[in-house]
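Residues per chain are reported as follows:
10 protein chains.
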Amino acid sequence: MAAPSPSTLTASLMAAKKAKGLSFADLEVALGLDEVWIASLFYGQATASPEEAEKLATLLGLDPAITAALQEFPTKGSLDPVIPTDPLIYRFYEIMQVYGMPLKDVIQEKFGDGIMSAIDFTLDVDKVEDPKGDRVKVTMCGKFLPYKKW
Amino acid sequence: MAAPSPSTLTASLMAAKKAKGLSFADLEVALGLDEVWIASLFYGQATASPEEAEKLATLLGLDPAITAALQEFPTKGSLDPVIPTDPLIYRFYEIMQVYGMPLKDVIQEKFGDGIMSAIDFTLDVDKVEDPKGDRVKVTMCGKFLPYKKW
Amino acid sequence: MAAPSPSTLTASLMAAKKAKGLSFADLEVALGLDEVWIASLFYGQATASPEEAEKLATLLGLDPAITAALQEFPTKGSLDPVIPTDPLIYRFYEIMQVYGMPLKDVIQEKFGDGIMSAIDFTLDVDKVEDPKGDRVKVTMCGKFLPYKKW
Amino acid sequence: MAAPSPSTLTASLMAAKKAKGLSFADLEVALGLDEVWIASLFYGQATASPEEAEKLATLLGLDPAITAALQEFPTKGSLDPVIPTDPLIYRFYEIMQVYGMPLKDVIQEKFGDGIMSAIDFTLDVDKVEDPKGDRVKVTMCGKFLPYKKW
Amino acid sequence: MAAPSPSTLTASLMAAKKAKGLSFADLEVALGLDEVWIASLFYGQATASPEEAEKLATLLGLDPAITAALQEFPTKGSLDPVIPTDPLIYRFYEIMQVYGMPLKDVIQEKFGDGIMSAIDFTLDVDKVEDPKGDRVKVTMCGKFLPYKKW
Amino acid sequence: MAAPSPSTLTASLMAAKKAKGLSFADLEVALGLDEVWIASLFYGQATASPEEAEKLATLLGLDPAITAALQEFPTKGSLDPVIPTDPLIYRFYEIMQVYGMPLKDVIQEKFGDGIMSAIDFTLDVDKVEDPKGDRVKVTMCGKFLPYKKW
Amino acid sequence: MAAPSPSTLTASLMAAKKAKGLSFADLEVALGLDEVWIASLFYGQATASPEEAEKLATLLGLDPAITAALQEFPTKGSLDPVIPTDPLIYRFYEIMQVYGMPLKDVIQEKFGDGIMSAIDFTLDVDKVEDPKGDRVKVTMCGKFLPYKKW
Amino acid sequence: MAAPSPSTLTASLMAAKKAKGLSFADLEVALGLDEVWIASLFYGQATASPEEAEKLATLLGLDPAITAALQEFPTKGSLDPVIPTDPLIYRFYEIMQVYGMPLKDVIQEKFGDGIMSAIDFTLDVDKVEDPKGDRVKVTMCGKFLPYKKW
Amino acid sequence: MAAPSPSTLTASLMAAKKAKGLSFADLEVALGLDEVWIASLFYGQATASPEEAEKLATLLGLDPAITAALQEFPTKGSLDPVIPTDPLIYRFYEIMQVYGMPLKDVIQEKFGDGIMSAIDFTLDVDKVEDPKGDRVKVTMCGKFLPYKKW
Amino acid sequence: MAAPSPSTLTASLMAAKKAKGLSFADLEVALGLDEVWIASLFYGQATASPEEAEKLATLLGLDPAITAALQEFPTKGSLDPVIPTDPLIYRFYEIMQVYGMPLKDVIQEKFGDGIMSAIDFTLDVDKVEDPKGDRVKVTMCGKFLPYKKW
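Protein chains in written order, with full-length UniProt numbering: chain L, 1 to 150; chain A, 1 to 150; chain B, 1 to 150; chain R, 1 to 150; chain E, 1 to 150; chain V, 1 to 150; chain S, 1 to 150; chain W, 1 to 150; chain U, 1 to 150; chain F, 1 to 150.
In short, the hints are calculated from the structure, not lab data. Values in this document were obtained by computation on a predicted structure and should not be read as measured data.
Cross-link-like lysine-lysine pairs, in silico, DSSO-like; alpha carbons within 27 Å at most:
| hint | chain 1 | residue 1 | chain 2 | residue 2 |
| --- | --- | --- | --- | --- |
| 1 | V | Lys148 | S | Lys137 |
| 2 | E | Lys148 | V | Lys132 |
| 3 | F | Lys17 | A | Lys149 |
| 4 | L | Lys148 | A | Lys18 |
| 5 | R | Lys110 | R | Lys148 |
| 6 | W | Lys137 | V | Lys148 |
| 7 | R | Lys137 | B | Lys110 |
One chain only, chain L, in its complex shape (with noise of 0.2 Å):
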């Protein structure tokens, strides 16, 4: 597209951000939505309406195309399809390895034949104090949606 590219888009957000020394949860003060959407906004995951893109642009000097780039739907996926190499990510997948299958028996226990939405769906992160070390809390809750016969 004519439009920056996913990877200039990010750049140029990151860069901006830097530059007016705000944090992501800056951010989330700023615009009334939460900090893990606002990054995937910057990593060219999510769309932006054009009040959120306006809005976005003043706080942080944004040139005109990225704020219309920020109001098309993106082809997603922010990793490349593989087993991601990066310590930190890589963590949730062998997450999944070790309790993908108790998970999704705990859960259709629960809830019958179905998923949890992955668009129908939030995502936040907590720090909880500890004295043993402090804690990450990763929060996820999407919509059930039971399968349909016909």
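Given the coordinates of chain L, work out where chains A, B, R, E, V, S, W, U and F should sit on it, guided by the hints.
Just chains A, B, R, E, V, S, W, U and F, lined up with the frame of chain L:
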């Protein structure tokens, strides 16, 4: 190993649980351990202490070879190391595709360079009732491990 | 699981259907459910209610272990997760290769950022008679799910 | 080739369409060809006749090199030949995973040994309004080709 | 399927043919069908009519389950879907590596945008005697299918 | 190499041929070499002698660097070494999937243990006119090479 | 095939050779064929004549089904078509990684555009005694095949 | 690295060698090192001493950055780590497929458990003239390394 | 091979060791060989001398077929040649991902162009007690092998 | 990112180090951090504190953009996520192939179910002088992390 193979172990435990008419939630109450952890023990992904293995053996009427096998240190991994085809499990891979890099940035902005442990780690599943359709809530909580320098 | 394995289940159901001389179209009439959905139950991709399982058991003279297995929540995926070699199935992959991005653009131009559900979804096959050669008509219909923001 | 590369061609066409404020549905009306087929031409998956290329050039104000390139026979394939990461496109792969073998059996029960052509083939997208949420309807229609013996 | 598996079917047919001392060329004469097509039936890649299956059963003294299986619609693909290791078969992949794009250009220059059908298709093998070493001649002939527009 | 890269070479040759309005069939007549072989030279899969390179340079008005490059020994392979996505080329892979093992058996029944050479080898394309639709005829002819013992 | 499978064939031949206390070097003397070729026959990669099969049957006390199987034309390939894990075999892949392109250039500088045949080919292993550690000498010798033009 | 990249290095060396009209055999004489080793230096697979780099720089009129780069320790591997498509190089992979396990057995029968070194290793190419067609002789010679116990 | 397969061998040795209540550390004392090397023998990755095999047979009460199999030269590789899913083993792959290139540079800065042998090599595991949590110390020690020139 | 890309960062640091004539061992002395850790910082695998970045900038005369980039949290992974082709690095993969399962068993026999951390982890390289050839000693030391139950 002359011990039962992982898939035989899983099949025997699942059949015994079904015969007793117990859910993983019932086992959570009876054993005082979380239902997801118990399911991961059934899939050969975790190790029971002798007391835990005995308590489970009594509850489910297990054969001594199964009881012994629950105390071994398993070679972990409950999925083929490829993209899974089951839609419930696939959605968690899709979540990492769409939200993986945003999640990494938000965690590291809050904690610094390091990872969320997948070993000193817990995983819970809850049902959130909602008139527009119930929601699945998955909570992951792991110790933050900062990178060591030397 | 101590229940019949997916391929044993498929083989037993196919053999019973053949022995009774029934087509999937006959089963559609007898059960009041679509022939494609019934075929997907035969391949271990869907779950029957107790009444549906009983009705099918009576029609095909099934063994009680098979009848019970039809009510389990299967680990789905009827193909190896690679490019299929069978020409009939491969053509659907080719359609996505050639028309996948065009399809994405047209759907999102009509509906916005989101997806067609593959869970709240139906699939029908019809024969369209044509003097130049009959045509296969495949109709897929799924709920549109818009991406949630939070 | 000294002709524009497929991704340059797509980007130029998309930018011209956006600049004129036209949707694929508008182009369907203007050209008398289906919107999905036109989108497939934009992605370098189909070939225009000289008249079709001219009409499109006039509508979008295209450069002559682009107009010429629309008449070439492209090397087809709009996706990397791996499992796609975009959720909208992935769902069609999941549909084949879950319903591929059932679909094969139902088609062959109706038509005999052969395939649905992906060449003598059309693909349409419709919006089905529904108070519980609009639905996406995708209709594929291809000539049945029976296997030849010799 | 309760029918013999494809590799059992192949093994039984090969053993019966060997026991009768017949070559595929002998079967070509006896059945009035090409030796390559008959070999593809042996490998579970084609479907016999009831008369063809009966004639072959009589010639080779086949068991009725085998005779029935020859009339099923097989899931096709006689190789693992990877690069084959057998040198005779690999050479055909190498031919496509070296001559694939040239072949595409020459076919499309002669016929327009479309493909050679692999369904309405025949394949013959001949021996060309030559004093400098005999040559293998492989002739493929398929209907040209032009891309449809809609 | 400081010589033009294979894709630059192909692009320059294709552009020159198009500018002169010549088909590969015209080049076959002008050069006295088969159109498929000439197309393989254009794709960097074959080597021209100095005389052949000169003749082609004169016909197409080539730059001396291109003329020199046609005489190098190329690193061969015109496709990525994966399953190709282009439908015309894919059909040849499908032919090997469906007819590969049958072809091996028929060739070896006629010739013994060995292979058809892909080096001492020719490939021709013909159009077979047919009222029910023209047919593509592809003829491959290679020397039989028996396995040596030592 | 109803004949022994390749791995059964290899296992039976290896067990018979071990029971007789013979090395491949002893078989080289007894049969008048090279030890590497004989080992390749044991691994189902080569075909024996009736006389060779008989001589080997007598030497090793083979069962007639094994003797017959040695005369079949095998589907070749003694490794999984992936990078091998065994260190001795891996080194030959590493040699091609490090010296493959240099080897191609030197061979083609000496011989022109073509290849070394792997069919009209011999392979020998010798021990070169050396006070600093004995050396393995592997000699490969194949007919040069020039590319044909047509 | 700020040094020339491996492919730039290769291209510059090849262009310089061509401009001087030298073959690798000529360089073997001039430098007193084997032509295969010199070709491997050209492909960034080996390291020159300062004297060797200087001598080559003088012979080929190299730029000082190239001369310096020849003395670096390269990251080795001259092929993509997949099955190569070039027919000359592929034949060496085929040789390992067909003769790999036989070669392992014969080497270990002669030397015990261990490997042929690919580091303390030489590789030579010779032309063997033969009236039935010249032959390529490739000789590999590496130190035998026995597995250590501890 | 008619000898026990590698996984049967491992299972039998593990069961015998467990029945005798011995750890690998106990076997280290009894046999005078390192516990890691002994474990590698159990996994079919190393070869015992006749004396070592006998001593182990006596200690564990092994069957003669097992004792003989310990003296064979195994086809090595204890993992599938893919990224392992077991978290303990995966960490060593992650170490190479993160520290592989740094390690290469530091080793070559100290030693020149060459490698650390994995054949003339030892591997030890120690427990380092630490009040903040015990540490695993893994020491690898291999002969440096410089690249040979010729 | 608008910051230098990882490979540009590595190239600039390597060129600056070379221009100053410093080894990683010299940097170890100057910075009071291990040479392997410093090399991992050069490869974009670790994060410097502002003081460490400043000290390095002064030593090597770095540009401020480089100095800033050293303080970012990198996306880690210094190799393509495939089997590496470089012989020095490959040997570490081979060590895991041959000794991976033995290592797992010995570690777990000593420590219980858990892993060696690759985050709270150090890695050292030493040269062990030996008259039969110097040896490379690599010492890895990581905290043992036991699996948590919940």
